[in-house]
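J.: Spelled out from the first residue to the last, the chains are:
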Amino acid sequence: MQPIWTLSTATIPILIAFASLAAGFEASPVDHLARAGVAGYPEVQQALDRACTSCHSGDAPARGLRLDSWEHIVAGSEDRTAVIPFHAERSPLLALATRLEGGPHPAELGEAELTETEIESIRAWIDDGARSAEGEVPYSEPGQLLYVANQGVATVAIIDMGTNRVVRIIDLQELGFPPNCMPHHIVVEPDGSHWYLSLIAADVVLKFDRSNQLVARLDIERPGLLALDPESDLLYVARSMVAVNPPSTIGVVRRTDMTMEQVDTFLPRPHAVAIRPGSATVFTASLAVNTVAAIDPLEETVELADLGGDRPHTFIGLAVSPDARWMVGTTELTSQVFVFDLDRLPDMIPVDSIPVNPAPWHPVFTPDGRQVYVGNNWGNSVTVIDMETREVKTVIEGRGIAQPHGSAVSPDGKYAYVSSRNLEMPDGHSKAGHRYAPRYDLGDNATAGTVVVIDTDTQEIVKVIEVPEYGSGLGTAAPRTP
Amino acid sequence: MSARRTLSGVLCLILFAFPAPGRVTAQNAGGYQVAAVENAATLVGRVTFDGQVPRARRFMITKDVEVCGLGYRERQEVDVSDDGGLRNVVISIQGVRSGKAWPEREGRYELSQEDCVFAPHVQVVRAGDELDILNPDPVLHNVHAFELIGSAQRTLFNFGQPPEEPVITHALRPRRGREIRLECDAHDFMLGWIFAADTPYAVLADEAGGFAIDGVPPGTYTVRAWHPYLGTKEQEVTLAPGGSGEIVFTYVPE
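Protein sequences, first through last, are from chains R and C. Take 1 as the starting number for the first sequence in the working numbering and just add one per residue. Take 1 as the starting number for the second sequence in the working numbering and just add one per residue.
Hints may contain errors.
To give a feel for the contact side, a few chain C residues facing chain R, derived at Cβ under 10 Å [what the hints assert, rightly or not]:
1) 63
2) 68
3) 75
4) 102
5) 153
6) 183
7) 188
8) 228
Label-pair ranges, simulated between beta-carbon atoms [claimed, not checked]:
9) C:158 with R:395: 16 to 24 Å
10) R:437 with C:165: 39 to 47 Å
11) C:155 with R:460: 46 to 54 Å
12) C:171 with R:144: 55 to 63 Å
13) C:252 with R:219: 36 to 44 Å
14) R:163 with C:250: 50 to 58 Å
15) C:158 with R:433: 54 to 62 Å
16) C:129 with R:388: 49 to 57 Å
17) R:40 with C:114: 55 to 63 Å
18) C:253 with R:115: 23 to 31 Å
19) R:395 with C:155: 14 to 22 Å
20) C:165 with R:395: 31 to 39 Å
Derived by calculation from the structure, the hints in this document are not laboratory data. For glycine and all other residues, C-beta sits at the position ideal for the given N, C-alpha and C.
If we strip away everything but chain R, and leave its shape as in the complex, we get:
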């Protein structure tokens, strides 16, 4: 199939819009809160020693959690983090002591409960950073970070990929955004110095530094998926699927000063977006028509390829292999993974289409380019594609995979990460089932999003990390797209 037309500099200029700078935006500190008069660690340890350490200490502590020292508290249990610094309400230590259905722990077991004063001390201590007696904040020097947008509750969970634990939760409401601002996708600078977040319903893209301070914001209508060019200063912003008729442009953002120009894609609803490393080419695809666009912002050209077909594919995600040779595109309605050979550009002819479980969502290549992981949003599964044979290598199902959405890989390629929405679905719905029940029932029909950690050698789920509701886009400085 040939591109249906080619646009060039001589015919249609594609840079059409103006700069928009987040001038004067006041950043709110998140990770360096200093609150006067809060409880210190010694006070908290005293409370834990009175009510908790009879079970949570020694060589075989209850649920694998020791609470008899700051280091042990910070280490958490085998399953999960005990404290999330600066976020007491999301910290299991406090949540279990106050909100557990069937009675707060440990009173539910007939043991003496923590007093209100003790609980407030713990709450204040965590909200102040869960510091040690010397003032050290836990997880201040984590390794590679994985950022998880929680679209249902206006938060971002940050996971240390070294320990696979949630080490921070950024509450966007504390930064002045509404509860339904819908954080969707995240990309990270290669050196981890900054990360960028799209808020669909707030019509902004935010820029945070490594210490999670908001340093800039950019207004753009209905931002969705993001793509960061590691070899230039450019960030690309496509449009969310919540928008019915968004602009046909994508945002081209200069990351250093967060100024933006908009490039017309000549496509309705440009949603997927990916960069080809080592080139200036950015790709996008439409939710509404079966067309893929290759855009060269420097040459100011757009190549459009009509993929044909008798029904809409609804392209969701694009990902380019680390060697820049291959691109895969996933389709919601036809459940295909299309494979494009980028060495054939400007021809955008899929060299393969691989049928997969329903509604493949965000794809990601492993760093060696040999595998692609993609969650099947309607199939409650994760498809692993062998890119050498271009066949489905395996399909992963299991606890924690419930409407999978985002994907990422660890820098060493040993683990793939797939987030899940885990939303309620109608009974009998093809998507129902496999719903993940949080480890602890905290009442109010509390639910949880998930991030499953998959061993890329064995394709087994090695951990289910609970995150706030509706895990959506994932971002990491590790090699990944989108």
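Position chain C relative to chain R; hints supplied.
T.: Frame of chain R, contents of chain C only:
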């Protein structure tokens, strides 16, 4: 509550006219034949729900929020009237091989997807007839119909419907199942149901859970109630010549 008191109102809601006497006039694909019904009987009844009504379920809108709505959509899957009548139940008399004519319809069968909602949520459609599927929304919908066969299901039809195609007509021809679940592959929170009737002896209970089926050949029948979320119940009933029978189906919380 008194089922009989409610039924007195239901009797005014006879849904199908008596057929004119005569010989066999038609046969549909399911083998049903239209024929004169001597001494036709009437079945009346009610469907009730006894117990705590489950809370409405909340489904997050994940796409096209400018049309479908932002936030959560609530669906009362067990919809009960003030006096305990259960809505959205299809009542069908089993095993009627021949009988009254299909009722005259005003207009065609329609399924709307306006504002990303299948409407009506539950309806009875004559098997084999055409259904006009409407998309008045400025977004792509994708109707995916599943024929339910016991615990199994198979795709009956599945197509995208962009705004440029506001009406798509499709005949309902399930092979073995009568119950059809509708999903939109583009909007995971949309859900609807159709009962594909192979005889005219199938009706949707009214807003009070009442129903009436007339023109029934006298005899002993199994009567089936189907609620999309609460399942199926059956009862035997004997209808005397020219007489009437009455049954009450009572669902309880699962």
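J.: Going back to the hint list, which numbers does this structure go against?
T.: Hint check: 4, 11, 13, 15 and 18 fail, others pass.
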